[in-house]
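K.L.:
Sequence:
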Amino acid sequence: MDILLITLNARYSHASLGLRYLKANLHELEDRAEILEFTIQQNKEAMLEEIYQRNPKIVSFGIYIWNFMETTSLIKDLRALMPDVIITIGGPEVSYEYEDTEIYPLVDYLITGWGDVSFYQLAKSLLVEEKPWETKVIKGIEPPLEEIKLPYYLYNEEDIKHRTVYIEASRGCPFKCEFCLSSLDKTAWRFPLEPFLAAMDDLYVRGLRQYKFVDRTFNLKKDFTLAILDFFLDKLAKNPEESLFLHFELVPDYLSEELKEKILEFPDGSLQFEIGIQTLNPTTQHLISRKTNLVAAKENISWLSKHTDVHLHVDLIVGLPDEDLESFAKGFNELWSWEPQEIQVGILKRLKGVPIIRHSSEYQYSFSQEPPYSILKNREMPFFEVMEMERFAKFWDSIANSGRFKESLPVILGDLPFENFRAIAASLSQTFGRAYGIALDRLFKAIYEYLVDVRNLT
Numbered sequence: 001m002d003i004l005l006i007t008l009n010a011r012y013s014h015a016s017l018g019l020r021y022l023k024a025n026l027h028e029l030e031d032r033a034e035i036l037e038f039t040i041q042q043n044k045e046a047m048l049e050e051i052y053q054r055n056p057k058i059v060s061f062g063i064y065i066w067n068f069m070e071t072t073s074l075i076k077d078l079r080a081l082m083p084d085v086i087i088t089i090g091g092p093e094v095s096y097e098y099e100d101t102e103i104y105p106l107v108d109y110l111i112t113g114w115g116d117v118s119f120y121q122l123a124k125s126l127l128v129e130e131k132p133w134e135t136k137v138i139k140g141i142e143p144p145l146e147e148i149k150l151p152y153y154l155y156n157e158e159d160i161k162h163r164t165v166y167i168e169a170s171r172g173c174p175f176k177c178e179f180c181l182s183s184l185d186k187t188a189w190r191f192p193l194e195p196f197l198a199a200m201d202d203l204y205v206r207g208l209r210q211y212k213f214v215d216r217t218f219n220l221k222k223d224f225t226l227a228i229l230d231f232f233l234d235k236l237a238k239n240p241e242e243s244l245f246l247h248f249e250l251v252p253d254y255l256s257e258e259l260k261e262k263i264l265e266f267p268d269g270s271l272q273f274e275i276g277i278q279t280l281n282p283t284t285q286h287l288i289s290r291k292t293n294l295v296a297a298k299e300n301i302s303w304l305s306k307h308t309d310v311h312l313h314v315d316l317i318v319g320l321p322d323e324d325l326e327s328f329a330k331g332f333n334e335l336w337s338w339e340p341q342e343i344q345v346g347i348l349k350r351l352k353g354v355p356i357i358r359h360s361s362e363y364q365y366s367f368s369q370e371p372p373y374s375i376l377k378n379r380e381m382p383f384f385e386v387m388e389m390e391r392f393a394k395f396w397d398s399i400a401n402s403g404r405f406k407e408s409l410p411v412i413l414g415d416l417p418f419e420n421f422r423a424i425a426a427s428l429s430q431t432f433g434r435a436y437g438i439a440l441d442r443l444f445k446a447i448y449e450y451l452v453d454v455r456n457l458t
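Quick note: the sequence shown, position 341, residue 341 per full-length UniProt numbering, numbers continuous.
No lab work stands behind these hints, which were simulated from the structure alone.
This one's a predicted model, so the numbers in the text were calculated from it and none came from an experiment.
Cβ atoms here follow ideal geometry from the backbone N, Cα and C, with glycine treated the same way.
It is possible that some hints are incorrect.
Said to hold, decoys possible - In the DSS-like style, the derived pairs of lysine-lysine whose C-alpha atoms are separated by at most 27 Å in a straight line are:
id	residue 1	residue 2
1	Lys136	Lys186
2	Lys57	Lys76
3	Lys176	Lys330
4	Lys406	Lys349
5	Lys260	Lys235
Stated by the list, open to error - Distance windows between CB atoms, simulated:
id	residue 1	residue 2	range
6	Phe384	Lys139	41 to 47 Å
7	Arg434	Pro382	40 to 46 Å
8	Gln42	Arg434	23 to 29 Å
Take these sequences, add in the hints, and give me the full structure.
P.N.:
Below you can see the structure in the form of structure tokens.
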């Protein structure tokens, strides 16, 4: 095989949408390319063997924050094993601040940003015209989305049955939240609706029943959103015995009455919304260029909670500028009162290229020097508090977000959700010496003993 398109996924269940875009847009070279998906847990020598036995001319790697270290190690040995193979890389982890990375000198070409068109141009130059590209670093072309071939036909039967199938109806984001790589986008672009829905129909016919949309702002363009929801409602109406699960990322303060009415038409258990709040501190919002209308966000999330069966997964971030633990606690308690099923407590990461680095000096940020570049401390939050919140987040996932403590969670949280959970997380951390890998029966027993012995609940 002349071209190998490779990435190391975080786990097997994740199927790479990016690699499928590259292959789908190789035109006459598509049949000369193969996708190889590994996981970061796999044996390096086994991966090398898979690559070596195919005797490729070009090996292209998708580089992300979760696989940067493992892929760098793999490329080191690949370069030693196959010194003449052409190695190219791309992806968000190498699109910015790549010059001093260990991986950069090991490769022949690096495509920054979008690779749909630029990788084809590079491969054609190397394989058909047999001439090298003029520069090592290639700035990815961003064509109109109608010029990009949709890749969903490349999801195979195994993907559809056993893996997460990722979908994007649009690309980019118009907002400028400084902690996020999408803040570097100029705007949000939508794929042409008719061919997109045809691709969704093909997936449905082939058996897909769980669609995970990765659009950052799915609900931003009302008519476009309604058309997609109508497509899936039609599938449900024609196949009432078939379940369907749809995951969307929503902008919290954009929820029109038409969209609310449409959401109400979906049956229980068919919709999950991921909603980024990140902070409820107005000063912090301003510092990170986030313009969410929090009044509207509260109204919309509360409405979804009270009037629908949509599963709500709402995000907060620890460590943003000018937000100390007291402010975070206040925001956490407020957000919990809106009654989402899950609050995802994230720890701020210093992603490459993001504008939030402009605050590093004033707010005295220190970040880990290795992926995922998590905050170690800042002016408002000392190291020990950041570490405490990492443990808090892990226990919150295990207890609150897992859904395994539905009956006891109100007792655990009481009238002060953050304060009470912080206390029990500290106790559990002391009991187990860790915040992960705890057997459910032991966790349940420890929580029960805490509630009885410390909180005096019987």
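K.L.:
Each of the hints needs a verdict: does it hold here or not?
P.N.:
Structure-based check of each hint:
1. For the proposed pair Lys136 and Lys186, the alpha carbon gap of about 25 Å is at most 27 Å, so the pair holds.
2. For the proposed pair Lys57 and Lys76, the alpha carbon gap of about 17 Å is at most 27 Å, so the pair holds.
3. Taken as a hint, the Lys176 and Lys330 pair is honoured in the structure, with Cα atoms around 25 Å apart against an allowance of 27 Å.
4. At roughly 30 Å between alpha-carbon atoms, Lys406 and Lys349 are farther apart than 27 Å, so this suggested pair is violated.
5. As the CA atoms of Lys260 and Lys235 are separated by approximately 19 Å, the hinted pair is consistent with the 27 Å bound.
6. Checked against the hint of 41 to 47 Å, the pair Phe384 and Lys139 passes, with Cβ atoms roughly 43 Å apart.
7. Between Arg434 and Pro382 the CB atoms are about 21 Å apart, so this pair departs from the stated range of 40 to 46 Å.
8. For the pair Gln42 and Arg434, the beta carbons lie near 25 Å from each other, so the given range of 23 to 29 Å is met.
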